[in-house]
Amino acid sequence: MTEPAFEVVDGGLLTTVQDEGRPAWTHLGVPESGAADPWSLAVANLLVGNEPGAAVLEMTVTGPSLVARSDVTISLAGADLGARVEHGRALPTGRSHRLAAGDVLTFNGGRGAGATGGIRGYLAIAGGVGVPLVLGSRSTCLPGGFGGLAGRALRTGDLVEAGPWISPGAAGRPRRSEAGWSPELVWPEAGDDDRASGAGNDVALRLIAGPDPGIDALVAGRWRVGSAFDRVGVRLDGEPLAGGTGGETTSHGLPWGAVQVPPDGRPIILGADHQTTGGYRVLGVVISADLPILGQLRPGADVRLVAIDRAQAVDALADRRDALAAGAAAVREAAGWSELVDTAGG
Amino acid sequence: MREGSAEGVDRSGGLAEPTIEPFGDAALLIDLGPATDQAQAVRAQALAAAIEAGRTTTPAIGRPVPAHASVFVPFDPLEMTLEDAIAVARSAIATSALPGPTALDSGDDTPIEIPVRYGGPDGPDLENVAAAHGLRPEEVVELHAAARYRVLFLGFAPGFGYLGGLPPALVTPRRDNPRERVPAGSVGIAGGHTAVYPLAMPGGWQLIGRTDIVLFDPDRPDPALLWPGATVRFVPVDDR
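Just so you know, the sequences run in chain order L and S. Following numbering that gives the first Met the number 0, the numbering of the first sequence begins with 0 at its first residue and continues without gaps. Following numbering that gives the first Met the number 0, the numbering of the second sequence begins with 0 at its first residue and continues without gaps.
In isolation and in its complexed conformation, chain L is listed as follows (with noise of 0.2 Å):
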């Protein structure tokens, strides 16, 4: 048996193990869950040569305090939460880093990056994080209360082990090199038109109509992230949308983004381990590329709602996908990783 890569001295606020889901059992009532923010979860594995959906542990807001019991190779993506090692050195978001025995990782809840600073950090482990397939994911599925880590968020005295899922492209041990990512690529912005629309601290999350009428007047409200925001999903604070723009219909089937407008006029932008079904009204669907803004979204952040078409959607994920791949050969250029493979055995 090998020394586990962590244990956990304190979980922080809400640190669980997450990859990228169970989507083939939302007929059962299962939520998909997995990492709130996509992007952050595949920058932060590929940084350590794991393959880009490896289980990983997602923090929120404080994260946790770790001792490392072995020799590891970690990186961080996401919110920076001010990760440093203890009497030591900072590690910076968006690289990789090498911890020794007795290392600890602790965070201190960031720099105050702001409203539009994101509250999740995603911690991966070379080789990924060591817990069974539950339902096809090692995801921690809290609603069902599986999956995971004992199907809970990390606690006190809880052992984190790495797993042996080290991508075949990478090295075939852990590397001896650190890794970085370009900055500008570390945090999910939104697109360039938006980015030249938008001045100041809002944060603009895309949409498209949803099922039901009523986009223009979601669109033009001024919205608020409210205290009510975990995995399920996050309220928006506001003028309430007038009478009769929300209300009931027949429960159907919901996608991750869906935005549901009870009767009571507040919208709620559903998250990664939201109901698979529901009977509110969708006015709207935050586009897939930017699902990891919306796994951001920090309580009381200004959000600004934009209303886009289906082709523009399709081609802003395209982009997601191509600047990922970009970002992964760089990274893969810039550690010598096919060298360190040839040299493997010496």
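Everything labelled a hint here was simulated from the structure, so no lab data went into it. The reader is advised that the hints may include incorrect statements.
As the list claims (entries may be wrong) - Covered, in the sense of this in silico footprint (three residues per stretch, anywhere, with C-beta under 8 Å from a C-beta of chain L), are these stretches of chain S:
#, stretch
1, 71-82
2, 128-142
3, 171-179
4, 206-219
These numbers were taken from a predicted model, which means no experiment stands behind them. Glycine residues also receive a C-beta, built at the ideal position from the N, C-alpha and C atoms.
Since the structure of chain L is already known, use the hints to place chain S on it.
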């Protein structure tokens, strides 16, 4: 903009022609029309089964989710155009509407039996439900246990099946104040549906009893006890 039309060829005994619409950038919603009865749910199940059967040759299509009168169909928009996804849905609609035996009229329909302790601490709303209908609590139990239910669809929580077939005399609105924690196994009524909570969670259903049967276990080969289309009966037990 809606696909299909009411003037289309009627292959389904008077039910409306389905409409197909994109739902976000990565899914379709096939709407079968008003959710009138169990027939619509059975139709949705057949349609979802036809789409599921075709996924071996169209891997860009995700797991379809049937509901009371609709099927949600996710797909990968970078691997498949909207037009092609709609064509898959249309083809499945045609296949699943062909005449043939359905779960509704198939003879072999052995019900899943769920033993229930009615009333008392396990069913704190039993007396209220009885009072709302001018019944005695025992009469509510008799009516609830005598009926045969059909799983219309699963949703809300892992393994949570919405059961159709509640006797009209028991149709009861949700509680005005949802509970913060409903114990696992609780049997409830909301509107025209009855259901069992697979796990402890918040909920607003009227609770009339509780079962010890495990409704959802991710480590079982069939994790959910119930599946869309299954028939169910409740068996009163008194083993407190």
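Cβ contact check, 8 Å cutoff: the stretch 171-179 of chain S against chain L, three residues minimum: violated (count 0)
Whether chain L covers the stretch 71-82 of chain S (at least 3 residues having a Cβ closer than 8 Å to its Cβ atoms): holds (count 5)
Cβ contact check, 8 Å cutoff: the stretch 128-142 of chain S against chain L, three residues minimum: violated (count 0)
8 Å C-beta criterion, at least three residues: is the stretch 206-219 of chain S covered by chain L: holds (count 3)
The structure fails hints 2, 3 (numbered hints given earlier, in ascending order).
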